[in-house]
Amino acid sequence: MQLTHTEEQIKQAIEATWQELLQEADAEDYSLEEYLEHYRKYWDDPDFPNDIPEIIIRAVDKLIGKPLAWYCELVRDPSGFTGEYSFIAVDPQTRKCLTYRQFTFDGVNVHYFLSVAGTVIYYEDIVRLVIKLLDQIQSALADA
Amino acid sequence: MEREKIVAALEEAFAEISGAEYEDEPITFAEFLESFEKFRDPDFPVYWIPWAVEEAVEELTGRKFGWHEDALKDEWSYTGEFSFICVDPETLKCLTAERSNGSCTVGVVFPILSIDDVVQVVEYFLRLVQQA
Numbered sequence: 001m002q003l004t005h006t007e008e009q010i011k012q013a014i015e016a017t018w019q020e021l022l023q024e025a026d027a028e029d030y031s032l033e034e035y036l037e038h039y040r041k042y043w044d045d046p047d048f049p050n051d052i053p054e055i056i057i058r059a060v061d062k063l064i065g066k067p068l069a070w071y072c073e074l075v076r077d078p079s080g081f082t083g084e085y086s087f088i089a090v091d092p093q094t095r096k097c098l099t100y101r102q103f104t105f106d107g108v109n110v111h112y113f114l115s116v117a118g119t120v121i122y123y124e125d126i127v128r129l130v131i132k133l134l135d136q137i138q139s140a141l142a143d144a
Numbered sequence: 001m002e003r004e005k006i007v008a009a010l011e012e013a014f015a016e017i018s019g020a021e022y023e024d025e026p027i028t029f030a031e032f033l034e035s036f037e038k039f040r041d042p043d044f045p046v047y048w049i050p051w052a053v054e055e056a057v058e059e060l061t062g063r064k065f066g067w068h069e070d071a072l073k074d075e076w077s078y079t080g081e082f083s084f085i086c087v088d089p090e091t092l093k094c095l096t097a098e099r100s101n102g103s104c105t106v107g108v109v110f111p112i113l114s115i116d117d118v119v120q121v122v123e124y125f126l127r128l129v130q131q132a
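Residue numbers (the numbering used here), protein chains in the order written: chain A, 1 to 144; chain B, 1 to 132.
Hints listed in this document are in silico derivations from the structure and should not be mistaken for laboratory results.
Here the structure is a predicted model, which means the values were calculated and not measured.
Be careful, since some hints might not be right.
[Stated by the list, open to error] Mimicking BS3-like on lysine-lysine, the simulated pairs with C-alpha atoms at most 25 Å apart in a straight line are:
1) A:K66 with B:K64
2) B:K73 with A:K96
3) B:K93 with A:K132
4) A:K41 with B:K73
5) B:K93 with A:K62
Okay, chain B solo, but in the shape it has when bound (with noise of 0.2 Å):
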């Protein structure tokens, strides 16, 4: 899918979770990205970032998932990471789950600072739920 595609849901995505909160100075997604990385200031509302993840590939997939997502810490603040866990409630299989050397990991992590770094992160559960 194009990259023109995938930002253009993502800053759909941004502008409805964030709702009222930037309508009289409304920023993209983007520029709210580099502000989290700039400051990572605790009281940052930083699960925005995962859930515009998440309804830009509903949106782009037509389908609804059942999500889980969680913003690492550090000791002091936000590390940029976030974890992620989708589950496709039609076969109720977890899409993140992963088998390797006989173990088996739930969830995936990524690092999310700026625009290109959540473009990954879109087109990655896109191949996941077409490989699904």
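Isolated chain A, as found in the complex (with noise of 0.2 Å):
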């Protein structure tokens, strides 16, 4: 399915949403890309707000045009978080699954994923992570 929305409308909607962010913590005025300065280095200390998931599903959720639900992973190793992130989005009136595919690699078995993943470092990550959920929703919206 082709993606419905240009880089520029979802880099629009990621800003959007750090905007929003911003005025919701009554936080000082800095841009995203500084924030992730910070969180390039203090990713895997507890006490670091980690507003990634945050910004990820409330960008995808205005470009779709309605609040889904969701649930987000942040995957760690045993040394720690990875910087990657898996999210699971349903939508709430039907209670379809929106991120399931299912592929079979030998003909016979059928593997099922629920979610989808991506590793969050710079600003160019978000969108890219962004698209990638926009694609697998649109479809399966389109699907319904």
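Make one complex out of these two single chains by using the hints.
Here it is, written out as structure tokens:
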């Protein structure tokens, strides 16, 4: 399915979400790029407010035009947070899992995947992950 | 469903998942859970616990489901809580999604530290599948 949003619209939704989060936190005005600089240094500090999932979720909700139900996992290995996030989105009206995919590698066994995952280190990673989620969610909504 | 049947399905699933790991000195799923509760070792194969739940549910219902599981951690170690998300591949419905007070949650979280806890979790999923 063709993505119905331009990269510019996606970046606008991310920026609008960032401004919303700053307002809600009554925080001083600083850019998402500045936040990401701190994020890269302190992402595994339990006191660091990790806003990445919230930015991605709200940006996707804005672009889809309705709030979805979400589950987000910060993927960890034994040495800590890996920088990877996995997202599961559900349509709250129909309870359909919008991030669900199934594959077979051998033509016999079917493997089910409920989540869409991606690593976030830089701003462009956020854009890429929003695009990946939009692509999957819009296809699932179109099939409903 | 009787508890014995559920425990048998869990033990069978656990034996399959743990594979050759405990071949020389076999341990039961109940014993495995006890050692998890005692040590909360960060290297403990903690995901065997939700996988055993999922396999037992599929065995007892005769159906396959899409699953996502997460072993919850605090700053130091596993908390003994697990979150589960279950999707029916036929309808794509998220069986664990729940709407209340205008909001919708996707996953369910259970503490699992004993064989009694795990039996209750399997019973929950069996009810969920039956309702669906």
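Of the numbered hints stated previously, which ones are contradicted by the structure, given in increasing order?
Hints 1 and 2 not satisfied by this model.
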